[in-house]
Amino acid sequence: MIWEDLDAHLDKVPGTVSAYVGRPGARPTWTRRADTTHYAASTMKVAVLVALHRAAEAGRLDLDAPLPVRNSFDSALPGAPRFTNARDYDNDEAVWERVGGAAPLRWLAERMIVRSSNLATNICIGQVGLPAVAQAWALAGARHSVTGRGIEDFAARDAGIDNLVTAADLAALLGELALGTTRPGPLASPAGCAAMLDVLVAQEHREDLAAGLPDGTRIAHKNGWVRGVRHGAGVVFPDDAPPYTVVVCTTTDLADGGADGEQVEDDACRLIAHVSARVWDARHELAG
101 MIWEDLDAHL DKVPGTVSAY VGRPGARPTW TRRADTTHYA ASTMKVAVLV
151 ALHRAAEAGR LDLDAPLPVR NSFDSALPGA PRFTNARDYD NDEAVWERVG
201 GAAPLRWLAE RMIVRSSNLA TNICIGQVGL PAVAQAWALA GARHSVTGRG
251 IEDFAARDAG IDNLVTAADL AALLGELALG TTRPGPLASP AGCAAMLDVL
301 VAQEHREDLA AGLPDGTRIA HKNGWVRGVR HGAGVVFPDD APPYTVVVCT
351 TTDLADGGAD GEQVEDDACR LIAHVSARVW DARHELAG
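With this note's numbering, letter number 91 in the sequence shown gets 191, and the count goes up by one each step, no holes.
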């Protein structure tokens with residue numbers, strides 16, 4: 101069986117590999133350490149995106165209004181000094197070129213996802229607030245994931261305030277977005293969920309989950325990487341089968357790319373692509 105083969109393959113991988121595969125709204129077809137927490141890296145940016153759209157639908161934010169682009173943020177640790185992002189640790193020069201000027205929040209939210217901009221992420225968090233991000237996780241049914249601080253908030257990190265995810269929680273968040281396009285759900289309106297999925301489909305970092313799929317396959321996904329960590333989380337929309345969620349979280353020495361914010365294809369990328377390809381082959385067999 102494919103799932104036993106995958107487990108046997110992943111048993112040989114150093115470190116911890118978690119996975120979740122299933123159709124949105126249905127019981128999972130295959131899980132592996134799905135409730136084990138990993139450092140979130142950039143996958144937590146999906147919850148920030150949801151929080152922004154929820155605030156916009158409630159009338160608390162205008163996604164199309166320009167706001168200042170500044171590199172200075174409040175720490176999540178009370179009393180700590182403000183912190184900044186390092187330009188050479190980011191993945192998107194387009195946002196940095198706006199520093200000192202202005203940009204619409206919707207554009208910043210898109211750059212946060214499609215290029216994984218850290219600067220855009222912290223600006224977005226500053227607009228919506230960490231409690232709203234926590235609410236997005238909770239409404240999706242996430243049980244263990246936490247977005248406790250912004251990116252490069254080292255004072256908070258050193259005090260034990262961190263960003264954590266599980267494969268099951270990422271699958272719940274993305275699955276609820278997919279379901280939310282067809283009926284009103286807890287996260288946002290159907291139009292709002294569709295808009296967020298479109299942003300995730302436009303993801304430009306495609307070295308892991310997307311690399312395991314046939315060219316042209318629609319996948320709404322977000323990945324994250326730092327040295328020792330590589331995650332891929334997405335919803336795949338085959339032309340010949342119902343959608344399915346696939347999440348692979350790895351904390352492993354195979355993730356040796358990503359130093360100083362650089363995007364590098366490594367063995368962890370290839371591992372996630374391998375899992376994605378095997379799940380694609382079994383797409384007609386997933387539990388409904």
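A hint or two may mislead.
[As the list claims (entries may be wrong)] FRET-style restraints, in silico, Cβ to Cβ:
hint, residue 1, residue 2, range
1, Asp105, Gly125, 21 to 31 Å
2, Pro314, Glu365, 15 to 25 Å
3, Asp381, Ala194, 31 to 41 Å
4, Pro178, Pro290, 30 to 40 Å
[To be verified] Result set (SDA-like, lysine to any residue): computed pairs, CA atoms no more than 20 Å apart in a straight line:
hint, residue 1, residue 2
5, Lys112, Asp367
6, Lys112, His374
7, Lys112, Thr131
Note that these hints are calculated values from the structure, not bench results. Glycine included, each C-beta is placed from N, C-alpha and C at the ideal position.
May I ask which of the numbered hints given earlier this structure violates, with the numbers listed in increasing order?
Hints that this structure does not satisfy do not exist here, as all of them hold.
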